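> One letter stands for each residue in the lines below.
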Amino acid sequence: MTVGLFIPCYIDQFYPQVGIASLELLEKLGCRVVFPTKQTCCGQPMANSGFDHLSEGCNKNFVNNFEGIEYIVCPSGSCTLHIKEHLHYKEKEQEAERIRNNVYELSEFLVDVLQVKNVQAKFPYKVGFHSSCHGQRGLHLSSMSETMQPAFSKPEFLLNMVDGIEISHTERVDECCGFGGTFSVFEEAVSARMGKDRVAAHQKNNVSYITGVDMSCLMHLEGILKRQRSDIKVMHFAEILNHG
Amino acid sequence: MKEAIINHAQSAKQFNTDEARVNWHDETLWMVRSKRDKAAKSVEEWETLRSLASSVKEHTLSNLNEYLIEFEKQANKNGVKVYWAADAKEHNEIVLKIINEEKISKVVKSKSMLTEECHLNKYLEQNGIEVVDTDLGERIVQFRKEIPSHIVLPAIHLKKSDVSETFNQYLGTEKNNTDPQYLTSAARVHLREKFLSSEVAITGVNFAIAETGAVVVCTNEGNADMGVHAARVHIASMGIEKIIPKANHLGIFLRLLARSATGQPITTYSSHYHRAREGASMHIVIVDNGRSRQLANENFRNSLKCIRCGACFNTCPVYRRSSGHSYHNAIAGPIGSVLAPNMDKQKNYDLPFASTLCGSCTNVCPVKINLHEQLWKWRQLLTEEGYVSVGKKMMMKIMAFVLSYPLLYQIAGKSARFALTYFPFMLKIKKINPWYVNREMPQAPKQSFTSWYIQHKK
Chain A
1 MTVGLFIPCY
11 IDQFYPQVGI
21 ASLELLEKLG
31 CRVVFPTKQT
41 CCGQPMANSG
51 FDHLSEGCNK
61 NFVNNFEGIE
71 YIVCPSGSCT
81 LHIKEHLHYK
91 EKEQEAERIR
101 NNVYELSEFL
111 VDVLQVKNVQ
121 AKFPYKVGFH
131 SSCHGQRGLH
141 LSSMSETMQP
151 AFSKPEFLLN
161 MVDGIEISHT
171 ERVDECCGFG
181 GTFSVFEEAV
191 SARMGKDRVA
201 AHQKNNVSYI
211 TGVDMSCLMH
221 LEGILKRQRS
231 DIKVMHFAEI
241 LNHG
Chain B
1 MKEAIINHAQ
11 SAKQFNTDEA
21 RVNWHDETLW
31 MVRSKRDKAA
41 KSVEEWETLR
51 SLASSVKEHT
61 LSNLNEYLIE
71 FEKQANKNGV
81 KVYWAADAKE
91 HNEIVLKIIN
101 EEKISKVVKS
111 KSMLTEECHL
121 NKYLEQNGIE
131 VVDTDLGERI
141 VQFRKEIPSH
151 IVLPAIHLKK
161 SDVSETFNQY
171 LGTEKNNTDP
181 QYLTSAARVH
191 LREKFLSSEV
201 AITGVNFAIA
211 ETGAVVVCTN
221 EGNADMGVHA
231 ARVHIASMGI
241 EKIIPKANHL
251 GIFLRLLARS
261 ATGQPITTYS
271 SHYHRAREGA
281 SMHIVIVDNG
291 RSRQLANENF
301 RNSLKCIRCG
311 ACFNTCPVYR
321 RSSGHSYHNA
331 IAGPIGSVLA
341 PNMDKQKNYD
351 LPFASTLCGS
361 CTNVCPVKIN
371 LHEQLWKWRQ
381 LLTEEGYVSV
391 GKKMMMKIMA
401 FVLSYPLLYQ
411 IAGKSARFAL
421 TYFPFMLKIK
431 KINPWYVNRE
441 MPQAPKQSFT
451 SWYIQHKK
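Sequences listed follow chains A and B, in order.
Going by my numbering, the first sequence opens with residue 1, and the numbers climb by one from there.
Going by my numbering, the second sequence opens with residue 1, and the numbers climb by one from there.
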């Protein structure tokens with residue numbers, strides 16, 4: 001099975017270890033992984049700021065990079081959702097549509113497509129799980145506190161296979177962290193306040209790490225943790241699943 | 001009425017300077033959201049009810065002209081006079097004309113977001129009419145010359161001490177007495193006198209039933225009934241979207257409304273007004289005020305399904321931490337941010353951006369309005385029409401250009417990592433980098449994933 005690895009721009013530039021963990025994890029699970037090296041960004045930062053009409057260049061580049069690859073897998077719920085909902089390219093619309101239907105966030109790919117039953121990983125720490133909104137409410141990676149449905153969570157299903165891990169949840173289990181892309185700078189006051197509240201909720205549980213499916217939320221929380229000189233670290237869930 | 005002179009982000013920043021008040025506002029509204037969750041979970045068919053309600057509204061909006069005409073016909077049969085107002089101005093003029101014809105100078109009003117939207121109070125006062133809001137929260141904000149900060153809990157931005165101060169000033173209550181029992185008793189005495197001396201009662205409308213020509217008003221304080229029963233003229237103001245086809249449908253909405261709003265199974269009073277009692281008169285003003293424009297816009301027509309429960313306010317993490325006045329409109333929160341740009345793009349183009357697009361609003365909405373998707377859509381339309389700052393536009397254009405070309409992107413990424421490593425102080429000027437006000441910058445790694453991949457895997 002060939003998997004095209006789609007690495008979000010901010011992971012590429014600031015969190016390469018998340019890309020490496022995703023790649024190694026997929027290879028361990030028997031996938032042939034290709035990484036089209038000319039990929040840049042899915043275009044979400046522009047689109048969510050009201051400039052979807054400027055994302056043509058990104059869309060074109062995205063389609064050209066992933067053309068013909070069977071599965072496209074990304075360690076970010078938010079970027080995956082953006083591609084699923086908004087990828088269009090007039091000259092290759094059929095291929096764009098195929099990509100929209102074949103792009104997966106990493107945990108949903110592992111659970112739904114690969115149907116992973118166990119992982120060889122050890123992580124003997126207490127870990128707070130942060131539920132990222134686009135993965136949860138957009139891609140339905142887990143049940144949502146607002147709707148009446150049986151509880152489930154694809155990323156936590158995987159994390160629970162890790163030796164020694166203790167997963168903890170906060171009060172207000174799926175409240176947004178306040179990152180929101182450019183919201184984090186244009187609405188700085190509310191964004192930071194939301195992040196501080198999430199951090200405080202995890203601190204109450206005495207966790208050593210906060211994890212989740214989106215490094216963007218974790219980058220925002222990390223910024224707050226570091227400002228507070230907290231000992232809590234953030235770690236993408238792929239890194240935990242790949243932790244020997 | 002305070003005019004909005006600053007945008008949501010600026011007002012929210014101001015609100016956040018008082019951390020204790022933000023804590024309290026956030027926690028109070030979260031408690032309401034939790035009550036909603038509990039109430040919703042107690043109804044096994046909750047999701048089915050939401051789908052039903054959404055479908056009934058969908059059908060009604062698609063046949064609105066017919067149902068409105070049927071409603072008028074039935075109301076007329078009941079001896080009720082029906083008026084049509086194209087906009088807020090016409091609405092206010094119609095109301096004033098009815099009041100003047102009856103030679104009345106005192107009016108009591110029960111909660112109506114439509115009359116807030118039309119700025120009716122101000123208009124009537126300018127024409128020499130005394131208007132008293134009789135919902136407790138509304139009365140408090142009316143004293144303070146503020147607008148409601150929440151459609152269900154109009155004074156939720158105020159604490160007991162604020163109310164005590166206001167009542168001390170306007171009702172002569174003891175200074176610094178913040179006992180809720182004492183304060184509500186004072187309001188009760190004050191409002192009783194107003195109920196007894198007023199001859200016109202204005203109410204809003206929660207549901208208007210086409211089949212019967214009746215209007216239904218939901219309150220917890222019983223103030224709509226008190227007003228209507230004591231007055232000889234009842235004026236009910238409603239937006240065109242309040243129609244439901246049959247009395248049978250009402251059950252679906254009444255089961256959803258209060259549970260979504262406050263977690264109550266039903267509001268204390270669900271008052272049905274079919275006709276005036278003998279010697280009295282009943283008038284219904286049906287108002288468009290931009291609604292048919294919204295109806296014609298396929299991106300936003302769903303927003304007309306709204307039953308004004310306020311659930312999207314209570315769940316919105318941004319609303320809870322920025323308060324209703326930051327939205328500078330009678331209707332705040334996610335639904336307000338969807339409705340306001342339809343009324344005035346220049347004044348309200350900031351609002352669709354007052355959201356992280358987390359999607360919680362869409363999930364709690366009892367009539368399944370796709371709120372966060374509509375916010376996204378407004379962002380596109382407003383930006384394309386030029387409602388955007390020059391700085392943001394330039395930033396986005398540069399970003400889009402760089403991200404379109406892999407080579408430029410790699411260079412930019414390298415430069416950013418280089419800058420973070422060697423000139424971190426440049427990015428640590430809070431005035432030019434809002435991120436840094438409350439957060440550290442991410443640490444720059446030596447190489448990007450792409451260059452690691454090329455080095456190790458290719």
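Simulated from the structure, these hints should not be mistaken for laboratory data.
Each hint should be verified, as a subset may be incorrect.
[Said to hold, decoys possible] Calculated lysine-lysine pairs in the DSSO-like style (CA-CA distance at most 30 Å, straight line):
| id | chain 1 | residue 1 | chain 2 | residue 2 |
| --- | --- | --- | --- | --- |
| 1 | A | Lys196 | B | Lys392 |
| 2 | B | Lys446 | A | Lys38 |
| 3 | B | Lys194 | B | Lys246 |
Please read these numbers as outputs of a predicted model, since none were measured by experiment.
> With reference to the structure, classify each hint as holding or not holding.
Taking the hints in turn, this is what the structure says about them:
1. Lys196(A) with Lys392(B): OK: Lys196(A) and Lys392(B) at ~26 Å, within 30 Å.
2. Lys446(B) with Lys38(A): Within the cut-off at roughly 19 Å; holds.
3. Lys194(B) with Lys246(B): Not satisfied, since the Cα-Cα distance of roughly 35 Å exceeds 30 Å.
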